[in-house]
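One line per chain: the protein sequences are A and B, in this order.
Numbered according to the working numbering, the first sequence terminates at residue 205, and the numbering increases by one at each position without gaps.
Numbered according to the working numbering, the second sequence terminates at residue 205, and the numbering increases by one at each position without gaps.
It is worth saying that the hints were derived from the structure and are not from the lab.
Treat the numbers as computed from the prediction; the structure is a model and nothing was measured.
The beta-carbon is built from N, C-alpha and C at its ideal position, and this holds for glycine as well.
Incorrect hints may have been included.
Stated by the list, open to error - Computed beta-carbon distance windows for the label pairs:
id : chain 1 : residue 1 : chain 2 : residue 2 : range
1  : A       : Gly149    : B       : Lys174    : 34 to 44 Å
2  : B       : His193    : A       : Leu93     : 41 to 51 Å
3  : A       : His193    : B       : Lys3      : 56 to 66 Å
Stated by the list, open to error - Distance condition first, Cα-Cα at most 27 Å in a straight line; then the derived DSS-like pairs of lysine-lysine:
id : chain 1 : residue 1 : chain 2 : residue 2
4  : B       : Lys22     : A       : Lys14
5  : A       : Lys154    : B       : Lys174
6  : B       : Lys14     : A       : Lys22
Protein chains: 2
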Amino acid sequence: MTKGQQTRRDIVEKAAPLFNKKGFEGTSLSDLMHATGLQKGGIYRHFSSKEQLAREAFDYSWSRAASKRLDGVDDSANAIDRLKKMISNFVELRSELVPGGCPLMNTAVEADDGNAALRSRAQKALHSWAGRLSSITQDGINHRQIRPGINPKKLSQLIIAILEGALLISRLQKDRQPLQDVRQHLDQYLEDHVRSKARRKESRR
Amino acid sequence: MTKGQQTRRDIVEKAAPLFNKKGFEGTSLSDLMHATGLQKGGIYRHFSSKEQLAREAFDYSWSRAASKRLDGVDDSANAIDRLKKMISNFVELRSELVPGGCPLMNTAVEADDGNAALRSRAQKALHSWAGRLSSITQDGINHRQIRPGINPKKLSQLIIAILEGALLISRLQKDRQPLQDVRQHLDQYLEDHVRSKARRKESRR
Numbered sequence: 001m002t003k004g005q006q007t008r009r010d011i012v013e014k015a016a017p018l019f020n021k022k023g024f025e026g027t028s029l030s031d032l033m034h035a036t037g038l039q040k041g042g043i044y045r046h047f048s049s050k051e052q053l054a055r056e057a058f059d060y061s062w063s064r065a066a067s068k069r070l071d072g073v074d075d076s077a078n079a080i081d082r083l084k085k086m087i088s089n090f091v092e093l094r095s096e097l098v099p100g101g102c103p104l105m106n107t108a109v110e111a112d113d114g115n116a117a118l119r120s121r122a123q124k125a126l127h128s129w130a131g132r133l134s135s136i137t138q139d140g141i142n143h144r145q146i147r148p149g150i151n152p153k154k155l156s157q158l159i160i161a162i163l164e165g166a167l168l169i170s171r172l173q174k175d176r177q178p179l180q181d182v183r184q185h186l187d188q189y190l191e192d193h194v195r196s197k198a199r200r201k202e203s204r205r
Numbered sequence: 001m002t003k004g005q006q007t008r009r010d011i012v013e014k015a016a017p018l019f020n021k022k023g024f025e026g027t028s029l030s031d032l033m034h035a036t037g038l039q040k041g042g043i044y045r046h047f048s049s050k051e052q053l054a055r056e057a058f059d060y061s062w063s064r065a066a067s068k069r070l071d072g073v074d075d076s077a078n079a080i081d082r083l084k085k086m087i088s089n090f091v092e093l094r095s096e097l098v099p100g101g102c103p104l105m106n107t108a109v110e111a112d113d114g115n116a117a118l119r120s121r122a123q124k125a126l127h128s129w130a131g132r133l134s135s136i137t138q139d140g141i142n143h144r145q146i147r148p149g150i151n152p153k154k155l156s157q158l159i160i161a162i163l164e165g166a167l168l169i170s171r172l173q174k175d176r177q178p179l180q181d182v183r184q185h186l187d188q189y190l191e192d193h194v195r196s197k198a199r200r201k202e203s204r205r
């Protein structure tokens with residue numbers, strides 16, 4: 001990595017928590033100068049606009065979150081256990097993320113009525129998260145670990161909706177309990193309604 | 001209402017969609033001047049600061065949303081049907097709200113790391129919504145319409161989390177389907193796990 005590339009990367013890493021906490025509009029050039037220790041020219045030598053920096057900061061924050069959510073997921077051969085692990089990672093591994101909450105929620109809420117480039121970034125992030133949950137679910141159906149009547153897309157949406165909604169409540173109340181409660185709810189739901197009963201009986205033999 | 005009071009109310013009504021769409025930071029004085037047709041002095045004659053106007057705009061947006069969610073809820077004697085009506089109102093009556101999505105979500109996301117006065121407003125809004133759902137649930141338990149093991153606070157949180165999370169997805173994808181899907185999920189959940197079975201058998205006799 002050249003020195004220029006390293007500086008560019010440093011700027012993205014330092015800008016990411018600002019954009020994630022304060023939003024695109026709420027983050028000023030002076031915030032960015034203060035966080036990076038650079039002058040305006042030093043920042044804009046590497047990025048054509050605040051928007052370009054915000055897009056790369058989103059990608060950085062999202063890739064941190066997305067990779068944390070996959071921690072240890074592939075250790076399990078059973079699709080239900082893999083879904084539960086993704087849920088538990090979302091709930092438990094928050095302190096290792098870029099500060100400011102879920103970058104998807106933050107960017108979606110700010111950009112749904114505004115910035116098209118950021119909105120498209122958030123859409124792609126949602127699409128990839130839902131895609132991962134869907135493919136685990138489809139794999140579970142194929143291996144008769146998950147009931148064949150389950151719709152992978154709807155199940156993914158439900159999991160994401162519950163987690164994001166509970167995160168909203170948890171952050172507003174500064175209390176982790178709502179996240180813990182929905183994790184328990186989702187685990188129970190996956191066991192009672194999604195895990196293939198046939199398979200469970202087989203494994204008890 | 002005096003002319004001054006009327007002007008004040010007009011400013012709040014015109015500012016509310018701006019703050020709800022663009023956020024506190026994203027709404028500029030020139031946006032407010034453009035929307036109200038007033039000069040700076042004309043606005044600040046009625047409000048001590050942009051923050052005071054934003055707080056009143058939030059209260060206005062929230063009161064519209066909160067009252068829509070209660071439409072026809074008290075027409076039903078059964079607590080499960082009242083909960084289902086509140087859920088259906090959230091999903092169906094969106095076009096009559098202040099534009100820009102749920103004011104609670106918008107304000108919570110912007111204010112969770114920032115503005116304390118707006119955050120406290122959003123906390124109160126969440127508290128009152130959850131309180132309403134909880135009191136319907138408790139009433140249902142008292143009248144043996146809802147299973148006695150149900151925790152009113154946790155059920156309220158679950159309903160709010162699912163609805164807010166699905167709204168996030170729906171707004172980002174510009175597609176109402178995720179909201180319709182979770183409505184169906186919640187209705188099924190309320191019937192299968194929350195409605196008192198004893199009571200259902202009785203009513204079939």
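Each hint tested on the structure:
| no. | hint | in the structure |
| --- | --- | --- |
| 1 | Gly149(A) <-> Lys174(B): 34 to 44 Å | violated (29 Å) |
| 2 | His193(B) <-> Leu93(A): 41 to 51 Å | violated (29 Å) |
| 3 | His193(A) <-> Lys3(B): 56 to 66 Å | holds (60 Å) |
| 4 | Lys22(B) <-> Lys14(A) | holds (24 Å) |
| 5 | Lys154(A) <-> Lys174(B) | holds (16 Å) |
| 6 | Lys14(B) <-> Lys22(A) | holds (24 Å) |
Hints 1, 2 from the list above are not met by this structure, while the remaining hints are.
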